[in-house]
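Undergrad: One line per chain: the protein sequences are A and B, in this order. Under UniProt numbering, the letters of the first sequence match residues 1 to 413, in that order. Under UniProt numbering, the letters of the second sequence match residues 1 to 413, in that order.
The set of hints was computed from the structure by calculation and includes no laboratory data. Possibly wrong hints are sitting among the right ones.
Which copy is meant is left open, so a pair is good if it fits within one copy or across any two.
[Said to hold, decoys possible] Calculated cross-link-like contacts (lysine-lysine; reagent style BS3-like; alpha-carbon spacing at most 27 Å):
| id | residue 1 | residue 2 |
| --- | --- | --- |
| 1 | K378 | K339 |
| 2 | K369 | K146 |
| 3 | K86 | K69 |
| 4 | K288 | K378 |
Here the structure is a predicted model, which means the values were calculated and not measured.
There are 2 protein chains.
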Amino acid sequence: MSSLLSSYSRLLVSSPRLLATSSATDRNVKHHGKPSGSPHETFYHSDLLVEQASPEEMKPKPAKDAILKFGHLYSDHMLSADWDDKNGWTMPQITPVRNLSIHPGAKVLHYASELFEGMKAYRGIDNKIRMFRPDMNMARMKRTAKRAALPDFDAEEAIRCMADVIRLDQEWVPRSTTSSLYIRPTLIGTDPTLGVGDAHAAKFYVLTGPVGQYYATGFQPVSLLADSRYCRAFPGGVGSFKMGCNYAPTIWVGKEAVKRDCQQVLWLYGNNEEITEVGTMNIFVYWKNEQGENELITPPLSSGLILPGVTRDSLLELAKEWNEFKVTEKALTMPEIEKALKEKRLFEMFGAGTACVVSPVGKILYHNKATDVYEEWKIPTMKNNPNLMQRFYETIIDIQYGRTTFRDWMREI
Amino acid sequence: MSSLLSSYSRLLVSSPRLLATSSATDRNVKHHGKPSGSPHETFYHSDLLVEQASPEEMKPKPAKDAILKFGHLYSDHMLSADWDDKNGWTMPQITPVRNLSIHPGAKVLHYASELFEGMKAYRGIDNKIRMFRPDMNMARMKRTAKRAALPDFDAEEAIRCMADVIRLDQEWVPRSTTSSLYIRPTLIGTDPTLGVGDAHAAKFYVLTGPVGQYYATGFQPVSLLADSRYCRAFPGGVGSFKMGCNYAPTIWVGKEAVKRDCQQVLWLYGNNEEITEVGTMNIFVYWKNEQGENELITPPLSSGLILPGVTRDSLLELAKEWNEFKVTEKALTMPEIEKALKEKRLFEMFGAGTACVVSPVGKILYHNKATDVYEEWKIPTMKNNPNLMQRFYETIIDIQYGRTTFRDWMREI
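Required output: the full structure, derived from the provided sequences and hints.
TA: What follows is the structure, given as structure tokens:
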């Protein structure tokens, strides 16, 4: 950590690029081998401008034992870069977290020209700070940007810039192995014209903030509302991209779930009621299949309905590495789940996502579309022993907090 | 007009509520029969605060013959009101159009907590300014707000406030019977927390701006890309609400259409390839059905796939009033259209929406999913004589510009 710190201090001291020097002329200087005047296809870490928060702008850090409600607290600094279709990207900059000045006609406010990522940095038991698989999140963000008709950028440059803002706010990275620093890269269309079409201007920015566990109930099994009258994603849509538009329609449905004492929604698709996702997470089922094999199942990406989650991928990779049970990406329907429950073949069901790693399912409140009756299905996830979900959780957090290593999943900053 | 103007001047002169007097205390005073301290369930026209633009802030109006590109030009003033879950709505205010100051973690920027309306005011041939069926738009906006988990408000209060901002910017309402003042009511979730859930704070605002005809090609037939690999809306989704999230996924598909020399997308749904909408408009087909009856068809609202357009409703009402041909709301599939074209029974196909009233379809570029070949279907809309689409257009604009009246569709401001 100390070497990182000193390298950061050098950056602050030696960088000739203070914010005040930024100008249109600067942006068009010949560098990075680009001819003068052609639009910049990415922002560059080497251009990073830093405006440090003044002591008055710095916020008090939360107490060590504070309950960190997800997404309520932000670190002192943010990263940002602007884009327009004539000039391409500006230099990236780190500034204190400040309100954005957005034209009321900006595309992001009308047509949901927006996308985001969710990722985390962890303070390891060796006090080093590491990001978990940031290359996966940036690759997904680039794919999403293309689908959302928002501008592309270089993933590695973005990761380096993010590492710098985390380094600057390193005191915001919790000294705890149940908490972490949530990282929220965001890309929005900002040009103030009301035609439904390409954004001609955009802003990339990254917020960070300390978070504890996502669910207020902690590591407790959740109850899910499963009602095929509500649909999250569909073929020909954008369910496999992390666009903001996938979330707005779920909020009201989430409230309907809460009214029925459920914490999350189990999203179903199609006449056969395939399970697709749970809340904002991917879904996993561990069972004994009809052939008598122990099998871990998650819905496949091929349908276009499923967000390619980084935790999802990580659990699949770990399970394949262990090679102790069958690992399958395929559709699984509510009738199959009901049958397995009745035959006591269903061991565990859990969500998987960045915010919580895994989240056990304890109950499904199923709206039976044939009878219009809500049925309560008990899911024995917490009773299964040895517990696969728990093993995934412990393996992943051991990797995230530096107790062990696995491939190149952790990137030290 | 002159009486409206003088009443507006009185408002400016006599209103004791200048912006500088707005404060939390003011907002909690007992009025409108509400007990002190309880949240305001709407904003009230009688509370409207007006901050007039300074001469320096006023923009030059476009020349009479200027080409008005849709959504590129805004009038001088905007209307806004803020909401939070503790206090409810603030007093509404009219201010110069200014950038919004939005926290980078605001829900609107991440989860598309946003919705809007599109409506218009017209300067009649008697120089009076009228809105077209604003009650329909406000009723839809309230329904959409509920689905988007954003706050409700009173429709009539909103219309009165909008009338005031239009009156203040009356010189922005074009003196032309091909142009009008576009009105964009917007509602966004503004609280800066990253949990996917209810917005605890929101902003309602209204922009206006002069517009000519929507399509750059003017009243020319458009070519449509019809490709069932892209889907706009689906059962269990929010296609029948004017949420921002319905638009972001269409932008990239629109670009694919342009690549194939089409101006818009004809949105198909399901295995039978039902036609649902065209671009951002409702779709109408006028044909001779298999029973030999002349029939106007548009897809029904019951599926939840179709936005309940105000122009859609207006055309249906007019056609029923005329009572000269059959008027049907039902699903219509691509195979049915193909058959009718072959049998020369399809007379006209056109979009219907606020921006353009009607928009003739001249061609469909159909991606045949069985053969993976793009087929060009010529649609004889412009050749049909007498032309139903044209009759709709002329009837509607005669109502909008005050040449004739129909029910209570026009509301003088």
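Undergrad: Does each hint fit the structure? Answer for all of them.
TA: Consistency of the hints with the structure:
no. : hint        : in the structure
1   : K378 / K339 : within (13 Å within a copy, 52 Å between copies)
2   : K369 / K146 : between (37 Å within a copy, 24 Å between copies)
3   : K86 / K69   : between (41 Å within a copy, 20 Å between copies)
4   : K288 / K378 : within (17 Å within a copy, 56 Å between copies)
Comparing the model with each earlier hint shows no violations; every hint is respected.
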